[in-house]
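Q: Sequence:
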Amino acid sequence: MNILRGHVEPILKDALNSIGVNDSNWTSMLSPSREHSQGDLSLPCFPFAKQLGKSPNDIAEELSNIIVPNVAIGKINAIGGYLNFKAEPKWLAKQLLSGKIRVGDAFGNKPHTGRQILIEHTSANPNGPFHVGRARNAILGDTLVRLHRLLGNEVRAEYYVDDMGKQVGVLAWALDNLSKQDVEDILQDKESLSTKWSDKADHTRVRWYQAAQKLRKDESKSEKIEQDIAKLVHASEHGDESVLQKFHDSFQPVLDGMLETLSRLGIEFNQFTNESMFVTNGDVAKLTETLSKLEIHGVADNGAEYLDLGARGMKGKTEFFFKRGDGSSLYATRDIAYHIWKWKQCDDLINILGEDHKLQSKQVGMTLQELGHKVPEVLFYSFIKLPEGKMSTRKGNVVFMDDLLEEAKEHASQIVRELRTKYSEQEVSHIGESVGRSAIRFNIIKVSPDKGFTFRWEEALAFEAGSAPFIMYSHTRALSIAKKCIDNGIDVDEISNKELDLDSIDSELPDSLIDLLRCMAIQNDALERSVMQCRPNLFANQVLNLATSFNGFYRDCKIFDDGNVNELYLQVSQLASQFLKTGMEGLGITPLERM
RNA sequence: GGGCGUGUAGCAUAGUUGGAUAAUGCGUCGGCCUCCUAAGCCGAAGAUCGCGGGUUCAAAUCCUGCUGCGCCCGCCA
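Numbering-wise (the numbering used here), the first sequence opens with residue 2 and increments by one.
In case anyone wonders, no lab produced these hints; they're calculated from the structure. Take every hint as true, because none was put in to throw you off.
Taking lysine-lysine pairs in the DSSO-like style, the calculated list, with each CA pair at most 30 Å apart, reads:
(1) LYS167 <-> LYS391
(2) LYS452 <-> LYS582
(3) LYS287 <-> LYS343
(4) LYS167 <-> LYS225
Label pairs and their in silico Cβ distance ranges:
(5) ASN78 <-> ASP492: 38 to 44 Å
(6) TRP458 <-> ILE67: 57 to 63 Å
(7) ASP494 <-> GLU428: 24 to 30 Å
Glycine is no exception: its CB is placed at the ideal position from the N, C-alpha and C atoms.
Could you put together the complete structure from these sequences and hints?
A: Below, the structure is given as structure tokens:
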């Protein structure tokens, strides 16, 4: 609890000095209390024991006797070698209700930190529909974008489009050379296209891609096809405008389909950058020239060039090739050019990548360093697999995001229909869509990115405690209270803005109200930590805790009772709904009026 | 073989810079709707934090060995 820290540190410093502790190592030891019931900030006194020749218990006890609580500190106690500080509830309430603690707003007016962050995420090759395996990147990336914005950073979300090379080459070749009938004949043993998505180009065109991939494995035909594709790829890598245009026309409808899916998940981009740009504008040529002059540069027998990163401490495979024998560039080379370009446009650079890109990313980072550039921050995530094993389009072992979204919406709508029989079908649909989308996102962000993730339908569609709908539900409860007050002729806005004299309240505040205050007071701490550590799950956890605290408050603190409004409770409830709302925006969960 | 990551109740996970009685959800068992939305709340049972060693006043957390799982080790992307 950082807002309390400022009030504790000065007096703690004096107290420690007076008993003979003069260094300042203790500031990092003062940390959020593990035992919530004991305090908000705690200082373990064990390290002082040897220095002072007293038991940790006695030291904590002594300190608690010396320190005189101030307005912010409610209670000080010494237990088991810990010195605990508890924020004074009414002080906490005043801080929060006076608006001194920024609630945060991901999309509206908020203080700017002035930092420009460029986050590149998703960047999936545009050759087929978005499946759940790819979704972890997009959802983590977009959540990070939102969290940075909530913190006040200026963020550009960027999609790097692979518009050249083999994958698009295959797609372009197939569209040029295969008829619809050819494709269906080739794929006759495969499941046919779901009629539901027959108008979506990512679903339709991927069949051409799959058909071509199958033909390429057929030995009688593959040689000619490989030659044709190689010709296209080669041309694209040398910046051939007409081939690049052909590629563009092939993949753009697919990309549009994928973006439609992403948009449904609440994911949008500020900019799309084509990989080919760095070939056509000469950046790659300049780069390879520079790399060729580096000290750690080497040349293979056939003229291919590499850097020996082993000379800079790289373990394992140390040769990093940036130029082929035929002189053309490689994906990683273009990625380096892309990074140099990106660095000119931001203060911080973050990439979201699958764990399979770790080596590649390390090579790019070390090369950037060798060239005197900064190394980007990278968030790696482990793959999503299905209970049946690895996700594979080839084996038909995939879950398409479009299908998951539909399923989640239908499932949510069904629940609404059962629970709220009076809602119109239009409202049911709106709630279903919002709940489905939010639940899918939350299901993925709440777990740590570096842990493996197994996609299970039951879990994706579980809308109970620990899910997005649970958070959404708490939020609508708060709105529904406010609505009830308004319906009873109470001016909620006026009460919300009123300055209450909390000191005139004689009684203690209820525990669950205090819990809620404490939870709100650490919201920004959690946000900062989540952003700093590049781990959205930390903030997801905070918002979940906030919703739980709100439910406790809701249970114990009656706001509108017997025609009377408890003004403090109403203010707290209104504030909590703001905290919940901005927290949800940060996570990409859609706040609803009612559900 | 080498490199990187990971292993926490039946299942899925959280756990801050090492710090108190390891937290949450699902599932199981038992309660709560004449009371602002029960997608909720309260309670119970359930853990050798993969295994061994080490560092430390203190280890799920740091170091080391072993082991299971994942990813990578292309002049592919």
